[in-house]
Amino acid sequence: MASRPRTLYQKIWDDHVVETREDGTALVYIDRHLVHEVTSPQAFEALQLSGREVRRPELTLAVPDHNLPTTPRVGADGERLPIADPQSAAQLDALERNVRDFGIRYIDATAAEQGIVHVVGPEQGFSLPGSTIVCGDSHTACHGGLGALAFGIGTSEVEHVLATQTLLLQQSKTMEVRVEGVLGPGITAKDLILHIIGQIGAAGGTGHVIEYRGPVFEKMSVEERLTVCNMSIEAGARAGLIAPDETVFAYLQGRPMAPQGADWDAAVAYWRTLNTDPGATFDKSVTIDAADIAPTVTWGTSPEDVVPISGAVPSPDDFPHEAKQDAARKSLDYMALSPGTAMTDIPVENVFIGSCTNSRIEDLRSAARVLKGRTKAPSVRWAIVVPGSGLVKRQAEDEGLDEVFKQAGFEWREPGCSACLGMNPDKVPPGERCASTSNRNFVGRQGPGARTHLMSPAMAAAAAVAGHLVDVRELSE
Amino acid sequence: MRAVKEVAGRAIPFGAKNVDTDVIIPAKWLKTITRDGLGKGAFETIRQTPGNVFDDPQFTGAPILIAGDNFGCGSSREHAAWALLDLGIHAVIAPSFSDIFSGNAVKNGIVPVVLPQEAIERLMEVAGEGQEITVDLESQTVTTLYQDRFAFELDPFRRHCLMNGLDEVALTLERQDAIDRFETRRAGAQGWLATGTNI
Ligand code: SF4
Numbered sequence: 001m002a003s004r005p006r007t008l009y010q011k012i013w014d015d016h017v018v019e020t021r022e023d024g025t026a027l028v029y030i031d032r033h034l035v036h037e038v039t040s041p042q043a044f045e046a047l048q049l050s051g052r053e054v055r056r057p058e059l060t061l062a063v064p065d066h067n068l069p070t071t072p073r074v075g076a077d078g079e080r081l082p083i084a085d086p087q088s089a090a091q092l093d094a095l096e097r098n099v100r101d102f103g104i105r106y107i108d109a110t111a112a113e114q115g116i117v118h119v120v121g122p123e124q125g126f127s128l129p130g131s132t133i134v135c136g137d138s139h140t141a142c143h144g145g146l147g148a149l150a151f152g153i154g155t156s157e158v159e160h161v162l163a164t165q166t167l168l169l170q171q172s173k174t175m176e177v178r179v180e181g182v183l184g185p186g187i188t189a190k191d192l193i194l195h196i197i198g199q200i201g202a203a204g205g206t207g208h209v210i211e212y213r214g215p216v217f218e219k220m221s222v223e224e225r226l227t228v229c230n231m232s233i234e235a236g237a238r239a240g241l242i243a244p245d246e247t248v249f250a251y252l253q254g255r256p257m258a259p260q261g262a263d264w265d266a267a268v269a270y271w272r273t274l275n276t277d278p279g280a281t282f283d284k285s286v287t288i289d290a291a292d293i294a295p296t297v298t299w300g301t302s303p304e305d306v307v308p309i310s311g312a313v314p315s316p317d318d319f320p321h322e323a324k325q326d327a328a329r330k331s332l333d334y335m336a337l338s339p340g341t342a343m344t345d346i347p348v349e350n351v352f353i354g355s356c357t358n359s360r361i362e363d364l365r366s367a368a369r370v371l372k373g374r375t376k377a378p379s380v381r382w383a384i385v386v387p388g389s390g391l392v393k394r395q396a397e398d399e400g401l402d403e404v405f406k407q408a409g410f411e412w413r414e415p416g417c418s419a420c421l422g423m424n425p426d427k428v429p430p431g432e433r434c435a436s437t438s439n440r441n442f443v444g445r446q447g448p449g450a451r452t453h454l455m456s457p458a459m460a461a462a463a464a465v466a467g468h469l470v471d472v473r474e475l476s477e
Numbered sequence: 001m002r003a004v005k006e007v008a009g010r011a012i013p014f015g016a017k018n019v020d021t022d023v024i025i026p027a028k029w030l031k032t033i034t035r036d037g038l039g040k041g042a043f044e045t046i047r048q049t050p051g052n053v054f055d056d057p058q059f060t061g062a063p064i065l066i067a068g069d070n071f072g073c074g075s076s077r078e079h080a081a082w083a084l085l086d087l088g089i090h091a092v093i094a095p096s097f098s099d100i101f102s103g104n105a106v107k108n109g110i111v112p113v114v115l116p117q118e119a120i121e122r123l124m125e126v127a128g129e130g131q132e133i134t135v136d137l138e139s140q141t142v143t144t145l146y147q148d149r150f151a152f153e154l155d156p157f158r159r160h161c162l163m164n165g166l167d168e169v170a171l172t173l174e175r176q177d178a179i180d181r182f183e184t185r186r187a188g189a190q191g192w193l194a195t196g197t198n199i
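If you read the sequences in order, they're chains F and P. Its first residue numbered 1, the first sequence is counted upward by one per residue in the working numbering. Its first residue numbered 1, the second sequence is counted upward by one per residue in the working numbering.
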């Protein structure tokens, strides 16, 4: 008898179940674990206190990113520059001590390969299709762009993975997000995912793993797929997946930690089986027409608060439910916006191009195309580009993109999370607005009192030039 | 971990929807390398508003928090659970929770109770009057002095861990043999996955 058709998620899940308990909880094997300085110290401390070992040190890769300053890390004589904030310095020291004590591969703050965990994993070929990938960071969903089952975990789970290389999990429900048709000219993966979150809502995917399906995703580069899957968590989903294909295999081949030789061939043969079988069913299904999507920006303090750039700030009364009306009123108050204001009339004083959502080479190219031969508006006080990794930075410099940014009035920084979460000194000042390519417009996310508008790299670059939110397609005319 | 069979006491009538973990504990508090003392930073932005519910003396030390939809969304930071614990909160009642937060809560002995919006509204009233609420894990109910009684579902494994104060790592370490067998099987079929960072 032929086996029952399965979704991509089901296939990866089945291949990782060590055993299932009577109550339905499964012990699931974890292939890849990424560690950074902020969510790991208490996990290592717990291991130390209980005298536990790391089961498979070679399956964990550590790199600092969250609170590292993005100013130069090495002085004129090649010496390592100290970190001014004592707490940040202590956290970095703790990570360095822990990786040494437990024998974990570490990418140092000054290494060319250093960067945001979710940029480094795919770039090094550490993240692989069909693998289970976890990290103490909710945007781990990102690696689903390679066809991996990747999700964020808390610190207790970090400890669990270090000690056992497994997690105790309940199987998630599945949700299909199918996009039909083609994206219009100038519409990016970021516009698409913001639009999708607007459609399904910030809690629409809770309890689910999303699989993104349709011709739009098949045509996407790996960088674009990572952008889409990255923000799955903003729709409440634990993970997002796109079936791996030749584009992914070509991207991974030859990367330092990717399989080689006969292993590579065996891996690709397996990866080719990773797609949803015809006839497999999802618990939920949403269909979106690509033709409907315009450059998309956020107006509020939840990633579901999206609107096309041609639109206006909504009124709380536009929403059907009282809870959302309340939330909208609070958002408008925090954002200092009044209903009916055209989005293009919103000024910005800050522009941030970076984060694990949009700091890869294609993102920087796309922003640089807009900025070439232009400069930021005088009213934009602070504009920075923070490449996702040292390798992205070097590649951009080889292409001369750094010069384009600097001539446009942007600062060109060292890699890290930076103003995405404002944990290091890169913060948006209270009461000011930021056109940001990151993934969260939460209250205070980019700094206390900061007002964030999420958008694509091209749109953020255009906002820098105009001094207000603007349709990048009009700027290029 | 401490075993939890029941959480009873006053409840903070918070009620907000989509409360993200940046609101529960802002990023600047994440620079710590311990789990303690995060209550100081809990709900910091909200507490800057005079008259906020968290600084209302009648709710100081209340062990239950009532919130709206999608509580704990956003960042995976377990600091959110540690911050609540430091405030003395041992149960959160909401119409829905983010997946990551509810996992983190349970691992720290905080009970995530899912109840429909109508029940939440009723409990908000009761909490607002300063009356006690009881969350009972044995019977899986939330009750009030006014004879309200709401049943809730909780994943059996999570309930078991909460009620017995079990440490998941210790439980899983007892299953080493099964993990060994899985790794051996895997080494044959998908050997390339075993290399990891060994290049
Ligand atoms: S860039 Fe932002 S979202 Fe991504 S890992 Fe860093 S802090 Fe998290």
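Bear in mind the hints are in silico, worked out from the structure with no lab data behind them. Careful, some of the hints might be misleading.
Restraint ranges, calculated between C-beta atoms of paired labels, are given here [unchecked claim]:
no.	chain 1	residue 1	chain 2	residue 2	range
1	P	D177	F	K219	42 to 52 Å
2	F	G279	P	A8	43 to 53 Å
3	P	R2	F	E397	22 to 32 Å
4	P	N52	F	T71	56 to 66 Å
5	P	Q176	F	E113	45 to 55 Å
6	P	N52	F	P339	18 to 28 Å
7	P	D177	F	T110	39 to 49 Å
8	F	S50	P	Q147	23 to 33 Å
9	P	D56	F	E397	26 to 36 Å
Since this is a predicted model, take the numbers as computed values, not measurements. By construction, the Cβ of each residue, glycine as well, lies at the ideal position given by its N, Cα and C atoms.
So, going through the hints one by one against the coordinates:
The hinted window of 42 to 52 Å between D177(P) and K219(F) holds, with their beta carbons roughly 46 Å apart. Against the hinted window of 43 to 53 Å, the Cβ-Cβ separation of G279(F) and A8(P) comes to about 51 Å, which satisfies the hint. Remark: the range hint 22 to 32 Å for R2(P) to E397(F) is contradicted by a beta-carbon distance near 54 Å. Restraint check, N52(P) to T71(F): a C-beta distance of roughly 36 Å breaks the suggested window 56 to 66 Å.
Remark: the range hint 45 to 55 Å for Q176(P) to E113(F) is contradicted by a beta-carbon distance near 33 Å. N52(P) and P339(F) have their C-beta atoms about 26 Å apart, which keeps the hinted 18 to 28 Å range intact. In this structure the hint that D177(P) and T110(F) lie 39 to 49 Å apart at CB holds, the actual value being about 43 Å. Between S50(F) and Q147(P) the Cβ separation comes to about 45 Å, which falls outside the hinted range of 23 to 33 Å.
Between D56(P) and E397(F) the CB atoms are about 55 Å apart, so this pair departs from the stated range of 26 to 36 Å.
Of the hints listed earlier, those the structure fails to meet are numbers 3, 4, 5, 8, 9, in rising order.
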